[in-house]
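J.: Sequence:
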Amino acid sequence: ISDPDRAIIMLWTERTYVQGCDASVLLDPTPENPHTEKTAPINIGLAAFDLLDDIKAAVEDRCPGVVSCADILIFAARDAASLLSNGHVHFDALAGRLDGVHSHAAEAQQDLPDSTFTIAELIQNFKRKNFTIEELVILSGAHAVGVGHCSSLRARLTAPADQILPAYRGLLAGKCAKGPDPIVPNNIRDEDAGAVAATIPGFLPKLRKVKDFLDNSYYHNNLARIVTFNSDWQLLTEKEARGHVHEYADNGTLWDEDFSDSLVKLSKLPMPHGSKGEIRKMCRFVNHH
1 ISDPDRAIIM LWTERTYVQG CDASVLLDPT PENPHTEKTA PINIGLAAFD LLDDIKAAVE
61 DRCPGVVSCA DILIFAARDA ASLLSNGHVH FDALAGRLDG VHSHAAEAQQ DLPDSTFTIA
121 ELIQNFKRKN FTIEELVILS GAHAVGVGHC SSLRARLTAP ADQILPAYRG LLAGKCAKGP
181 DPIVPNNIRD EDAGAVAATI PGFLPKLRKV KDFLDNSYYH NNLARIVTFN SDWQLLTEKE
241 ARGHVHEYAD NGTLWDEDFS DSLVKLSKLP MPHGSKGEIR KMCRFVNHH
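For the sequence shown, full-length UniProt numbering begins at 1 and goes up steadily by one.
Be aware that one or more of the hints could be misleading.
Below, in silico cross-link-like pairs of lysine-lysine (DSSO-like), each with a Cα-Cα straight-line distance of 27 Å or less [unchecked claim]:
no. : residue 1 : residue 2
1   : K239      : K211
2   : K211      : K178
3   : K276      : K178
4   : K211      : K127
5   : K281      : K127
Derived DEER-like restraints, expressed as beta-carbon distance ranges [what the hints assert, rightly or not]:
no. : residue 1 : residue 2 : range
6   : A224      : T132      : 21 to 29 Å
7   : P64       : G170      : 51 to 59 Å
8   : K281      : G243      : 42 to 50 Å
9   : A197      : P160      : 23 to 31 Å
10  : P180      : R62       : 38 to 46 Å
11  : L157      : G194      : 15 to 23 Å
12  : P31       : T118      : 47 to 55 Å
13  : H273      : G170      : 29 to 37 Å
14  : D114      : F75       : 23 to 31 Å
It should be emphasised that the hints constitute simulated quantities derived from the structure, not laboratory data. All C-beta atoms in this analysis are idealised placements derived from N, C-alpha and C, irrespective of residue type, glycine included.
With the hints as constraints, model all of the structure from the sequences given.
T.: In structure tokens:
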């Protein structure tokens, strides 16, 4: 993969959600279970699986049967967040997680927040995992990096001008017309500069001029109506969420700190009560495979 750091961030922050932090999203389909989480339509575009395989193999070579794939994913995401933010996002992650032995596409499709969600659906979805409206807004800031498939942003291509800057809508429409399901950067900052200049003349974002930088640029973009997903724009439709968007647009340092704290909370999401876990030998398969 060309951008392993952002792929790791997307894999963890957006998909460590169904069974808690148990690395269930890493399991490959098998004849016994042909529809694991990673095959769910909502999980289109996930990457970094090969990288995690390599890390796991190296760890197993040195310390067989000691470090779970769930811990490896958390540690990799911690380091990726630090690298992408130039050290501004940093947190301590404890070890000791077990890997789950169940992974089902239907559960992922039902449980994960979707890019088409309304603000009410987003709030309810996060509330089920004990996350507040503020934490919903904080974690959405991960969209400062990464890419999205056009199939996940179709609603933005027909959204009215009060929801999306028409020039940006045109830019997305042009890119999405180039194939069956192309990818586009989540952040306009990471678009081709020439395309942005041609589509939005005079566009000068109040952003750091560093590609793939994990910062508060997402909030500036949201207020300017140049975010990629309907679920991003929805944050502006509820009073408390909108207030936090303004708060983090105004204070990038505060977002760095609060995002770090929210990642710690995310890393502690437990497996469902009564679940059995193990330390997988390979991240793609349960041990009895």
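J.: Each hint: holds or not?
T.: Do the hints match the structure? See the list:
Annotation: proposed proximity of K239 to K211 is violated, straight-line Cα distance about 31 Å (limit 27 Å). The hinted pair formed by K211 and K178 meets the criterion: a straight-line CA distance of about 23 Å does not exceed 27 Å. Of the supplied pair hints, the one linking K276 and K178 is violated, its CA atoms being roughly 46 Å apart against a limit of 27 Å. The hinted pair formed by K211 and K127 fails the criterion: a straight-line CA distance of about 33 Å is larger than 27 Å.
Distance check on the hinted pair: K281 and K127 sit about 34 Å apart at the alpha-carbon level, beyond 27 Å; violated. The hint said 21 to 29 Å for the Cβ distance between A224 and T132, and at roughly 25 Å that hint holds. The hinted window of 51 to 59 Å between P64 and G170 holds, with their beta carbons roughly 54 Å apart. In this structure, K281 and G243 meet the distance hint of 42 to 50 Å, their C-beta atoms being roughly 48 Å apart.
Checked against the hint of 23 to 31 Å, the C-beta distance between A197 and P160 comes to roughly 25 Å, which is consistent with it. One distance hint, 38 to 46 Å for the beta-carbon pair P180 and R62, holds here, with the actual separation near 43 Å. The given range of 15 to 23 Å is respected by L157 and G194, whose C-beta atoms sit roughly 21 Å from each other. The hint said 47 to 55 Å for the Cβ distance between P31 and T118, and at roughly 39 Å that hint is violated.
The hinted range of 29 to 37 Å is not satisfied by H273 and G170, whose Cβ atoms lie roughly 49 Å apart. The supplied range of 23 to 31 Å is met by D114 and F75, whose beta-carbon atoms lie about 28 Å from each other.
The structure does not agree with the numbered hints 1, 3, 4, 5, 12 and 13 stated previously, though it agrees with the rest.
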